[in-house]
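Student: For chain L, the structure is supplied; the task is to place chain G on it using the hints.
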Amino acid sequence: MTEDEIRDALRAWIAERNPDLPPGEPADDTPLIERRYLTSLQVADLLLYMEQLARAPIDPTRMKPGVFRSIDAIHSAFFS
Amino acid sequence: MIDAPGLRWKGNGQSVLSGPLLDLAERLDRRFLSLAARWDAADHRFPTFIAATVLERIDWFRSFPQLATFPASLDPDEANLAVFTDGEPVDGEGRVHPSGLAPIRDVLTPAACYHLYDHHEGQTFDRPRYFTTHNTCFRREDHYVPLERQWSFSMREIVCMGTATETRSFLDEATTEVDRLVAGIGLPVRWEQASDPFFQPSKNPQYLMQQVDPTKYELLFDDRLAIASTNVHHDHFGRAFAIGRDGEPVRTACIAFGIERWVAAFIHHYGPEGPWPAP
Chain L
1 MTEDEIRDAL RAWIAERNPD LPPGEPADDT PLIERRYLTS LQVADLLLYM
51 EQLARAPIDP TRMKPGVFRS IDAIHSAFFS
Chain G
1001 MIDAPGLRWK GNGQSVLSGP LLDLAERLDR RFLSLAARWD AADHRFPTFI
1051 AATVLERIDW FRSFPQLATF PASLDPDEAN LAVFTDGEPV DGEGRVHPSG
1101 LAPIRDVLTP AACYHLYDHH EGQTFDRPRY FTTHNTCFRR EDHYVPLERQ
1151 WSFSMREIVC MGTATETRSF LDEATTEVDR LVAGIGLPVR WEQASDPFFQ
1201 PSKNPQYLMQ QVDPTKYELL FDDRLAIAST NVHHDHFGRA FAIGRDGEPV
1251 RTACIAFGIE RWVAAFIHHY GPEGPWPAP
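Top line first, the protein sequences correspond to chains L and G. Numbering-wise, the first sequence is residues 1 to 80 according to our numbering. Numbering-wise, the second sequence is residues 1001 to 1279 according to our numbering.
Isolated chain L (complex conformation):
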């Protein structure tokens, strides 16, 4: 997948679980956890989805502070 396709897929995954999001959200720099677009109950599901996108297991050592802060942070930590 291209970088744009991965970002689109991540944005769509977040939007699907937050039907009340304003148009254009989440942007790539939207703070996902702080705005509660991503909760603790959803992180594990998102990880599974990211493994599908990456077609590879996620390295658990990458679970560091800030890696789920935004779409930008997720892409940088897991897909770049």
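Keep in mind the hints are simulated off the structure, nothing from the lab. The structure displayed is predicted, hence computed values, not measured ones. Using N, Cα and C, we set each Cβ at its ideal position, and we do this for glycine too. There could be a bad hint or two in this list.
Label pairs and their in silico Cβ distance ranges [stated by the list, open to error]:
#1 G/THR1069 with L/ASP45: 32 to 38 Å
#2 G/HIS1119 with L/GLU51: 39 to 45 Å
#3 G/PHE1061 with L/ALA44: 19 to 25 Å
#4 L/ALA27 with G/GLY1247: 19 to 25 Å
#5 L/ALA12 with G/HIS1119: 38 to 44 Å
#6 G/PRO1071 with L/MET1: 53 to 59 Å
Tutor: Positioned in the frame of chain L, the structure of chain G alone reads:
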């Protein structure tokens, strides 16, 4: 193991303080209370029990079952009480043989601030609100150390309920104030990212979340003993107890002080008999 005049270790995870040590503990709590006054935080005194239904709403039992201590009482049925009195109520090893127990509906408070969220259930705020409370807290542990790791201990907390920005500002200010306090006392401390002691952490999504979104920082004395912590709860309690702000669940954050641990830090750093600097 700490040994100091005015400290008696009970061996069951609890201690007795008297004399200058009790005075130190009380002065410390008053100092934290004066810190709370910075935000005009209203003081609350809650009972020792908290309803199990309150903790169930925040999924506390699945996250921390190993910490729970329950107040138990005998089933009041006369025949059951007779079985108890006719038997051996307490055996030679100190174990109670309780015959039948009445249903358990409460828990001995595991953290002081939980009462505040229950207390404000269903309320809506239009500005940041600050509260403080002190309680005896109970946490079952696999081992105990006088003043440092006790089954029952004293906790003072200051809580902010507001927006994400307000709760963040509160913790920034509280951290700065505590840094100033410990610098004045001269205690060797540093802040460190920490995790709550989740049961089976690898299976708990809240533990995973705490790794990627640090919400807890502990003030470590001598690189090992957490004497205070700051905690960001996001909307966890606001959502669970329907406390609102600007049409959304309120955000909450708290700073907590373990009084006996501060006393331990003073003893380790300045000796068991003082003189101790004024908190």
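Student: Now tell me, hint by hint, if it's right for this structure.
Tutor: Here is what the structure says about each hint:
1. The supplied range of 32 to 38 Å is met by G/THR1069 and L/ASP45, whose beta-carbon atoms lie about 34 Å from each other.
2. Separated by about 43 Å at the C-beta atoms, G/HIS1119 and L/GLU51 satisfy the suggested range of 39 to 45 Å.
3. Distance hint check: the CB atoms of G/PHE1061 and L/ALA44 are about 20 Å apart, consistent with the given range 19 to 25 Å.
4. Under the hint 19 to 25 Å, the C-beta atoms of L/ALA27 and G/GLY1247, about 22 Å apart, fit the expected range.
5. Hint check: L/ALA12 to G/HIS1119, Cβ distance near 41 Å, so the stated range 38 to 44 Å holds.
6. The hinted window of 53 to 59 Å between G/PRO1071 and L/MET1 holds, with their beta carbons roughly 56 Å apart.
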